[in-house]
Amino acid sequence: MATLSLPLVHPQVSLWRQGPRRLHGSPSCQFRHAGRVQSSYRGLEALYDDGYGTVKDLDYFYQALGQLVEHDSGPPCWLCPVDAGSTVEDAPLMLYLPGVDGMGMGLCMHHKALGRIFELRCLHIPFHDRTPFEELVTMVEDVVRAEHSTSPNKPMYLLGNSFGGCLALAVAARNPRIDLILVLVNPATSFERSEIKKLLSVFSPLSNNACIAITALLNYNIDNEVNMALSRMQSGKHPLEALIRLTNNMSSSLKHTNVLDKLPEDTLQWKMKLMKRAAQYANCRLQSVTAEVLLLASCDDNLLPSKSEAYRLQNKIPKSKIFFFEKHGHSLLLEHGVHVSSIIKCAGLYRHSRRYHRVFDYIPPSTTELKEVDKASIDLLFRTCPAMFSTLEDGTVVRGLAGVPEDGPVLLVGNHMLLGIELISLAAEFMRHKKVVVRGIAHPLLFPKKTKTWSEGHDFFDFLNLWGGVPMTYKYIYELLAAGEFVLLYPGGYREALHCKGEEHRIFWPEQTEFVRMAAQCNATIVPFGVVGEDDIVNLLCTFDGIRSAPFGKEIMRAYSKHLNLRDAKHEVIFPGVCMKIPGRFYYRFGKPIPMRWRQDVLTDRRAATVLYAHIKSEVKGIISYLLEKREEDEYRKISRRLMFMASQGFNTQVPSFDP
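The opening position of the sequence shown corresponds to residue 0 in numbering that gives the first Met the number 0, with each subsequent residue numbered one higher.
It is possible that some hints are incorrect.
[As the list claims (entries may be wrong)] Pair by pair, the computed Cβ-Cβ distance ranges are:
id, residue 1, residue 2, range
1, V81, P594, 45 to 55 Å
2, F460, M579, 22 to 32 Å
3, K474, R596, 36 to 46 Å
4, T603, F650, 52 to 62 Å
If you're looking for bench data, these hints aren't it; they were derived computationally from the structure. Each residue gets a CB set at the ideal place from its N, CA and C atoms; glycine is no exception.
Let the sequences and hints guide you as you build the complete structure.
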């Protein structure tokens, strides 16, 4: 692979000719050794730095663009961003196909995030180049076929932006047997119906540079710049500094208009001709696209009707999903708050082989994703102020998670509160203080096959995917424990999560003891835990018997349970209805760890397994009783006292609790 000798090119990119990428020797699916510290996934640490929010604004983009235009020449080639950092083991290939500008720098804000989990290459088409669309398709296709011949069971990702979306669709249509995953950002397949085509025909008497400048102004998103400034202030930056950065970014698009003077005279005509041909070519072949497709559509796109086009493409392409961005413009990849790597993970599209595996293809949350969780759950955390305790090996109860083992595999077994509202606080606390991902076992209903998502923030289902949740099967539990993971199991399942009035803090465990034997087989450590506090934030309105005795109550409960597709029809459930109350506090306690390394007797002796299961169940009940009793001693249980404490000591200070 030869490097282009361009010393004046922006230092954050390195230009490479098309060629084979480096290959990793590790297999795509293998167990990590049980008994080790759960610290990395394919070499990637939990809370890794994804670069979002720390790099690049529009000034960075325009500087790089100016240098590329001034010193660039030659045919199309591939950019390998040097700021992407090291990739995970056995990373799949991602090819970025740019917009009609062709410069390949439109992904600059995502280099680090995508470069950590993909082998990233960016197509670069110089402004002076006049390669026809069909030849560009062949160029990308050659790389795809070469990679496929080397790793036939490995997927490849085509990230197509606007014009690049047409290019990606064309390659996918011509190669239906190759495992491709397309991420299309405001694809230009709607060019013939776009306002920009009509507008440029009106302004055709003007010079090329004037038309390009008009297009750039239409594409500018002032709302995005304001949001970036507000985000900087919220992260602790001085308001004046944020204002200066805002004005600098707003002036960047005008300050660098000298780039236009360096463009060939026929640039606009050629680019519009190229765009028209690309849209025609891709639209004629949509029925041949068999790849998985993720559509990222801006609802405030002033150049293309991206929202309606996403709906149209979804109707044409069978395996497609849409992620809408309500307050974003055409240049989505250059706008604040767009995290492409997180979206790919939430959509369940990140994989290393032909089939997605929730255990082996999992990538841990990044620092940005933890911040997103904190942002979404800040109201719940403020209201409940969770206090967590754990038990040391000598039986001493301490504040914090010091009593929970550092090494996996660990099986956390405990009780649900209503709707599992304790989950996010528990998972975030382990992530924040132990750098450990707690892999939750959840009902299959919590893993819906969503085909449309909106960008108001991640929902609970997204958090389950980001935090490595898996549907309830013993196969998944075994694979997680065998891989040395921290696994969160609620034996009471949906029956505890959907309990009624009078059933608060009760546990509803089945008689099966499978998880005990599975933990012994994997030499795991079982940590029983309990959590209380739902009665401090809501009042349940209906009892179980009250609902059943009401007119049509039995029928309603039966229909509700059937709708949830519950595996045990004997225990019908229904949401009891709630009313909010002045918030109290959540309390967690993790009991004394129970090592299973020396308990091989439970594998062959059913009675020994039953006795141990009953002991764990008794431990959870005892912990719940302990917390209900000790919380009466907490002078900061009421939110009013906590507010007074935080007002005097600071809102980031840990609020005291009872003396354990």
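Now the hints, each set against the structure:
{"no.": "1", "hint": "V81 - P594: 45 to 55 Å", "result": "holds, 47 Å"}
{"no.": "2", "hint": "F460 - M579: 22 to 32 Å", "result": "holds, 24 Å"}
{"no.": "3", "hint": "K474 - R596: 36 to 46 Å", "result": "violated, 22 Å"}
{"no.": "4", "hint": "T603 - F650: 52 to 62 Å", "result": "holds, 54 Å"}
Hint violations for this structure: number 3 only, all remaining hints satisfied.
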